[in-house]
Amino acid sequence: MNKQKIMNCERNRLEKLTNFRLPQYFYKIGIAIGVITIIMMFVRAFAMEGDTEWLKHLLQKTLLIGMLLMSISRDKEEDELTIKLRMQSYAWAFITGVIYALVMPYVEFGVSNAVHNGGEVYKDLGDFQILIFMLMVQLMCYHTLKRYR
Amino acid sequence: MENTIKVERAILNLTQDDLAKKIGVSRQTINSIEANRYVPSTVLALKLSQLFNKPVNDFFKLSDDD
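Going down the list, the sequences are from chains A and B.
Numbered by this note's numbering, the letters in the first sequence go through residues 1 to 149 in order.
Numbered by this note's numbering, the letters in the second sequence go through residues 1001 to 1066 in order.
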């Protein structure tokens, strides 16, 4: 295989990966997973006793999976306009995610110390907080852009 | 970019939904194109050209700000 063929093969594979979407019913599965996980989060917080830290981490990951399914599943009427809007929403999510990760720790630190003297120490955001924010922005942007298309 | 898709559609007596189904997009996409909110791809423009039986230049025109 010559160099040109290898490049074409890689380009096609990358294009296939970029255009990959799950079937439309995965959106509903994602919603169901998200709703069940949020209910479970409330149950864990208010009705369960003992060391449930492992469950908290498990639920966080499940929520991320649910929202990812919603994000990458095909639209009911998928065409070139919805593909463009989806790409725009990913761009929005990425940019706002970076800004959120940079600014939010200072906001939390500032508010905490303003509300009660000697509040929390400065700490960076966790991966869950950033990822959930980005997924939320992506889904909200996509549906808003779709509504105004 | 300006277009006269609405006129071409009226000549063929097609609704937005009919046209959308014929070229495989959603009705909202046709609406966005007609309202000049979205510039379609070359593939879509050629599909429209085939359907209207006219060259793309006849119903898509560059505007002054393009």
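It cannot be assumed that every hint is accurate.
[What the hints assert, rightly or not] To give an idea of the chain A side of the interface with chain B (calculated C-beta under 10 Å), a few residues: (1) Glu15; (2) Arg44; (3) Asp75; (4) Glu78; (5) Thr82; (6) Arg149.
[To be verified] Counterexamples of contact, computed for chain B against chain A with all Cβ distances above 12 Å: (7) Ala1010; (8) Val1025; (9) Ser1041; (10) Val1043; (11) Asn1053; (12) Lys1054; (13) Phe1060; (14) Lys1061; (15) Ser1063; (16) Asp1064; (17) Asp1065; (18) Asp1066.
None of these hints come from the bench; they were simulated from the model.
Backbone N, C-alpha and C define an ideal beta-carbon position, used for all residues, glycine too.
Going down the list of hints, with the structure as the test:
About 15 Å separates the beta-carbon of Glu15(A) from the nearest beta-carbon of chain B, more than 10 Å, and the hint is not met. Hint status for Arg44(A) relative to chain B: violated, with the closest Cβ pair at about 41 Å, above 10 Å. A least Cβ separation of about 9 Å between Asp75(A) and chain B falls short of the 10 Å threshold, and the interface hint therefore holds. For the restraint placing Glu78(A) at the interface with chain B, the shortest Cβ-Cβ distance is roughly 9 Å, inside the 10 Å limit, so the hint holds.
Taken as an interface hint, Thr82(A) checks out: its beta carbon lies about 7 Å from the nearest beta carbon of chain B, inside 10 Å. Taken as an interface hint, Arg149(A) checks out: its beta carbon lies about 5 Å from the nearest beta carbon of chain B, inside 10 Å. With a least CB separation of 22 Å from chain A, Ala1010(B) remains clear of the 12 Å interface cut-off, as annotated. A Cβ of chain A approaches the Cβ of Val1025(B) within 12 Å, the least distance being about 4 Å, so the stated non-interface status is violated.
Not every beta carbon of chain A lies more than 12 Å from that of Ser1041(B), the smallest distance being close to 5 Å; the non-interface claim is violated. The beta carbon of Val1043(B) is not kept farther than 12 Å from every beta carbon of chain A, the shortest such distance being approximately 8 Å. In this structure Asn1053(B) is separated from chain A by more than 12 Å, as the shortest Cβ-Cβ distance comes to about 22 Å. Residue-level check passed: Lys1054(B) sits 21 Å from the nearest beta carbon of chain A, beyond 12 Å.
Taking the minimum C-beta to C-beta distance to chain A, about 16 Å, the non-interface status of Phe1060(B) holds against the 12 Å cut. Distance check for Lys1061(B) against chain A: the nearest CB is about 21 Å away, which clears 12 Å, and the non-interface claim stands. No Cβ of chain A comes within 12 Å of the Cβ of Ser1063(B); the nearest lies about 20 Å off, and the non-interface call holds. Residue-level check passed: Asp1064(B) sits 24 Å from the nearest beta carbon of chain A, beyond 12 Å.
The non-interface label for Asp1065(B) is consistent with chain A: the shortest C-beta to C-beta separation is roughly 20 Å, beyond 12 Å. For Asp1066(B), the non-interface assignment is confirmed: its Cβ lies about 18 Å from the closest Cβ of chain A, beyond the 12 Å cut-off.
Going through the hint list in order, the structure does not satisfy hints 1, 2, 8, 9 and 10.
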